[in-house]
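**Student:** Dock chain C against chain U, hints included.
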Amino acid sequence: MTQTTIDPSSPTAPADVLVRASGVSLSFGNVQALKDVDVELRRGEVTAIVGDNGAGKSTLVRCICGVHTPDSGTIELDGSQVSFKTPEEARRAGIETVHQNLALVEDLTVWQNLFLNRELTRGVGPLRLLDRRAMKREAQRMVSGLSVNVPEVTSKVRRLSGGQRQAVSICRAAGFSSGLVIMDEPTAALGVQETARVEELILRLKSEGHAVLLISHNFAQVMRLSDQVWVMRAGRCVAGRRTAETTGEEIVALIPGAQAA
Amino acid sequence: MTTVTHAASPTDESTQPSPPTTGWRTRLKDPGSWAEWAAPLGFLVMVLIFQSLNTTFLSLGNIEAMLAAAAILIVLATGQTFTVATGGIDLAVASTMTFSAIIFGTVFAAGAPVGVAMLASVAAGTGFGLVQGLFIGRGRITDFIVTLGGFSVASGLALVVSDGQPTTIIDRFLLRFATGSVWIIGYPVLVAVLVAVLAHVVLFHTRFGTHVLAAGGSEEAATATGISVARVKTAVYTISGSCAGIAGVLLVARIGADEPAANTQFLLNCVAAVVLGGVALVGGRATIVGPFFGALLLTGLTNGLTLVGVSQYYQPVAVGCVVVAAAFLSRYQK
Numbered sequence: 001m002t003q004t005t006i007d008p009s010s011p012t013a014p015a016d017v018l019v020r021a022s023g024v025s026l027s028f029g030n031v032q033a034l035k036d037v038d039v040e041l042r043r044g045e046v047t048a049i050v051g052d053n054g055a056g057k058s059t060l061v062r063c064i065c066g067v068h069t070p071d072s073g074t075i076e077l078d079g080s081q082v083s084f085k086t087p088e089e090a091r092r093a094g095i096e097t098v099h100q101n102l103a104l105v106e107d108l109t110v111w112q113n114l115f116l117n118r119e120l121t122r123g124v125g126p127l128r129l130l131d132r133r134a135m136k137r138e139a140q141r142m143v144s145g146l147s148v149n150v151p152e153v154t155s156k157v158r159r160l161s162g163g164q165r166q167a168v169s170i171c172r173a174a175g176f177s178s179g180l181v182i183m184d185e186p187t188a189a190l191g192v193q194e195t196a197r198v199e200e201l202i203l204r205l206k207s208e209g210h211a212v213l214l215i216s217h218n219f220a221q222v223m224r225l226s227d228q229v230w231v232m233r234a235g236r237c238v239a240g241r242r243t244a245e246t247t248g249e250e251i252v253a254l255i256p257g258a259q260a261a
Numbered sequence: 001m002t003t004v005t006h007a008a009s010p011t012d013e014s015t016q017p018s019p020p021t022t023g024w025r026t027r028l029k030d031p032g033s034w035a036e037w038a039a040p041l042g043f044l045v046m047v048l049i050f051q052s053l054n055t056t057f058l059s060l061g062n063i064e065a066m067l068a069a070a071a072i073l074i075v076l077a078t079g080q081t082f083t084v085a086t087g088g089i090d091l092a093v094a095s096t097m098t099f100s101a102i103i104f105g106t107v108f109a110a111g112a113p114v115g116v117a118m119l120a121s122v123a124a125g126t127g128f129g130l131v132q133g134l135f136i137g138r139g140r141i142t143d144f145i146v147t148l149g150g151f152s153v154a155s156g157l158a159l160v161v162s163d164g165q166p167t168t169i170i171d172r173f174l175l176r177f178a179t180g181s182v183w184i185i186g187y188p189v190l191v192a193v194l195v196a197v198l199a200h201v202v203l204f205h206t207r208f209g210t211h212v213l214a215a216g217g218s219e220e221a222a223t224a225t226g227i228s229v230a231r232v233k234t235a236v237y238t239i240s241g242s243c244a245g246i247a248g249v250l251l252v253a254r255i256g257a258d259e260p261a262a263n264t265q266f267l268l269n270c271v272a273a274v275v276l277g278g279v280a281l282v283g284g285r286a287t288i289v290g291p292f293f294g295a296l297l298l299t300g301l302t303n304g305l306t307l308v309g310v311s312q313y314y315q316p317v318a319v320g321c322v323v324v325a326a327a328f329l330s331r332y333q334k
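Chains as they are written, first to last, in UniProt numbering: chain U, 1 to 261; chain C, 1 to 334.
Keep in mind that the hints were calculated from the coordinates and are not lab data. It is possible that some hints are incorrect.
[Said to hold, decoys possible] Looking from chain U toward chain C, a few residues come up when the C-beta cut is under 10 Å (computed):
| # | residue |
| --- | --- |
| 1 | Arg91 |
| 2 | Thr97 |
| 3 | His99 |
| 4 | Asn101 |
| 5 | Ala103 |
| 6 | Val105 |
| 7 | Glu106 |
| 8 | Leu108 |
| 9 | Phe115 |
| 10 | Asn117 |
| 11 | Glu119 |
| 12 | Arg128 |
| 13 | Leu129 |
| 14 | Arg172 |
[Unchecked claim] The following residues of chain U were derived to be distant from chain C, with all beta-carbon distances above 12 Å:
| # | residue |
| --- | --- |
| 15 | Gln32 |
| 16 | Gly73 |
| 17 | Glu245 |
[Stated by the list, open to error] Estimated spans, in silico, between C-beta atoms of each pair:
| # | chain 1 | residue 1 | chain 2 | residue 2 | range |
| --- | --- | --- | --- | --- | --- |
| 18 | C | Glu220 | U | Arg122 | 27 to 33 Å |
| 19 | U | Arg128 | C | Val182 | 27 to 33 Å |
| 20 | U | Pro126 | C | Ala123 | 15 to 21 Å |
| 21 | C | Ala123 | U | Leu203 | 57 to 63 Å |
Using N, Cα and C, we set each Cβ at its ideal position, and we do this for glycine too.
Next comes chain U alone, as it looks inside the complex (with noise of 0.2 Å):
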């Protein structure tokens, strides 16, 4: 199952290991939010954490990310250990988080949050000067793809409905992520229609490569993207199910630990 090298135009290709952390521990004050975990992250695959609420999903996911750093246990990225002091440094690694509040500026446009901090510029030395035709230009072509209808990459994300705002929040990450994309809960808060589409886009950063991390509370949905789950329950991580060869009912029972993992 772990091979190096895979055919990127082939998303049934083998996977292999992208994110690998193990023994992760962390604790804030006395409280320990991480208890020795372990768990693998493939590319082109949809990971998904699942747990209770407290359980240390997004912990774990923000040890990842950059935001806090472990106690002890390694992180490894693409083989290599890494330890992010800041979201940063995890970003110019290639990993790329949708955080559940999206983190789009409503006064600006689509394609000024696509570059937000990452604005393409031209000129020389101090005396740089944003090229604007450039960035709407590519960002009309990272939205063009989306299957969810972004109106024009000129208008303000304020007029956007909230599909469309995840839409464009994911595709920012897509966009720059050479890695691993991370979403927090991604359609909490979209209706019907809007949570199929933004499910096709989660399917289709698969597809080209990447690696998905899905936090969701939706078992429905887990089952439905997910290659391999990961089940946590206060600080551990206490079972890892490939999605094929378990059920919805085998998930739902791991999490409050009815059923030994």
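**Tutor:** Leaving out everything else, chain C in the frame of chain U:
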């Protein structure tokens, strides 16, 4: 192997439609853009009214006088726009200007060439703005409190340095700068226009400008994308201070002396010009053109009321009403 979405299909660029721009028709239907254009429109209405009441309003001489009177306000409002764009406010602009003017006079009186005195004035304003910015950005103290304190400190420092006495500045270069003009546009007005044009370029054509609007629009989103909001805030108060320093030079040039007066009307008018210009007080939305016309509108209003014989006691009342009306319009800005 991974594929970056926007580079996934490099060949089909020609088949993509070019990004469409928002048409004026859609803008016309949107009350928000009316608020954005409140200052230019109000300006036009004001010109028509005053011109019909008194034909000297649009005489070349009066236009020249109005522009000259507006120059300082334009510079202050331009600086203020940056702080308001981040959702803050600089209540110390006018007293920073006074302080800078006093530094100008003091350095000049000490025997320095006028150019050095001008630079000292701008440097003083910039330095004062930087200190305020550090307190607000790094120290995380509310802008309102810091600049209210700064307002008092700068006024006080102006009195301390000048010992409460004005200094008359007699210099041929300064006189030529103050009185010279290209047609009806005085050199100080040219300086103000230059400042405004530079500010426009910075706000809309640099990464920094985008980060200012992002920090004002959503501090959370800005931080999440790695923008240092503390640095942006420090910078905008420094810019406001620099503009106050430039305004200090223009003030000295205009009255031929430095005076440790409070100049509070400049503070009110420059905030008014920014609000009139459609800049959202909550931050995130700003133009430079708007406050520019806002400053012209306020100056024209004062001038026009005087021309048609309204007592100058009514002028603050008129300015206040116009500003509240503009703020009311901006409620529809969405």
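**Student:** Does each hint fit the structure? Answer for all of them.
**Tutor:** Hints, one by one, checked against the model:
Proximity of Arg91 (chain U) to chain C holds as hinted, the smallest CB-CB distance being about 7 Å (cut-off 10 Å). For Thr97 (chain U), the shortest C-beta to C-beta distance to chain C is roughly 8 Å, which falls under 10 Å, so the interface hint holds. The interface hint given for His99 (chain U) holds, since its Cβ lies 6 Å from the closest Cβ of chain C, which is under the 10 Å cut-off. Of the supplied interface hints, the one on Asn101 (chain U) holds, with its beta-carbon coming within about 6 Å of a beta-carbon of chain C, less than 10 Å.
Satisfaction of the interface hint for Ala103 (chain U) is found here, the shortest Cβ-Cβ separation to chain C being roughly 4 Å, below the 10 Å cut-off. At a threshold of 10 Å, the smallest CB-CB gap from Val105 (chain U) to chain C is about 4 Å, leaving the interface hint in force. Evaluation of the Glu106 (chain U) hint against chain C yields a held restraint, the C-beta minimum of about 6 Å falling below 10 Å. With a cut of 10 Å, the hint placing Leu108 (chain U) at the interface with chain C holds, because the nearest CB-to-CB distance is about 6 Å.
Against a cut-off of 10 Å between C-beta atoms, the interface hint on Phe115 (chain U) holds, since the closest Cβ of chain C lies about 8 Å away. With a cut of 10 Å, the hint placing Asn117 (chain U) at the interface with chain C holds, because the nearest CB-to-CB distance is about 4 Å. Hint on Glu119 (chain U) holds. Least Cβ distance to chain C is approximately 5 Å, under the 10 Å limit. At its closest, the beta carbon of Arg128 (chain U) sits 7 Å from a beta carbon of chain C; the interface hint therefore holds under the 10 Å criterion.
Proximity of Leu129 (chain U) to chain C holds as hinted, the smallest CB-CB distance being about 5 Å (cut-off 10 Å). Using the Cβ-Cβ criterion of 10 Å, the hint placing Arg172 (chain U) at the interface with chain C is satisfied: the shortest such distance is roughly 9 Å. The Cβ of Gln32 (chain U) sits about 27 Å from the closest Cβ of chain C, beyond the 12 Å cut-off, so the non-interface label holds. Annotated as non-interface, Gly73 (chain U) keeps its C-beta farther than 12 Å from every C-beta of chain C; the closest such distance is 25 Å.
For Glu245 (chain U), the condition that its CB be more than 12 Å from all CB atoms of chain C holds, with the nearest at approximately 26 Å. Against the hinted window of 27 to 33 Å, the Cβ-Cβ separation of Glu220 (chain C) and Arg122 (chain U) comes to about 30 Å, which satisfies the hint. Checked against the hint of 27 to 33 Å, the C-beta distance between Arg128 (chain U) and Val182 (chain C) comes to roughly 31 Å, which is consistent with it. A hinted range of 15 to 21 Å holds for the C-beta pair Pro126 (chain U) and Ala123 (chain C), which are about 19 Å apart.
In this structure the hint that Ala123 (chain C) and Leu203 (chain U) lie 57 to 63 Å apart at CB holds, the actual value being about 59 Å.
The structure agrees with every numbered hint stated previously.
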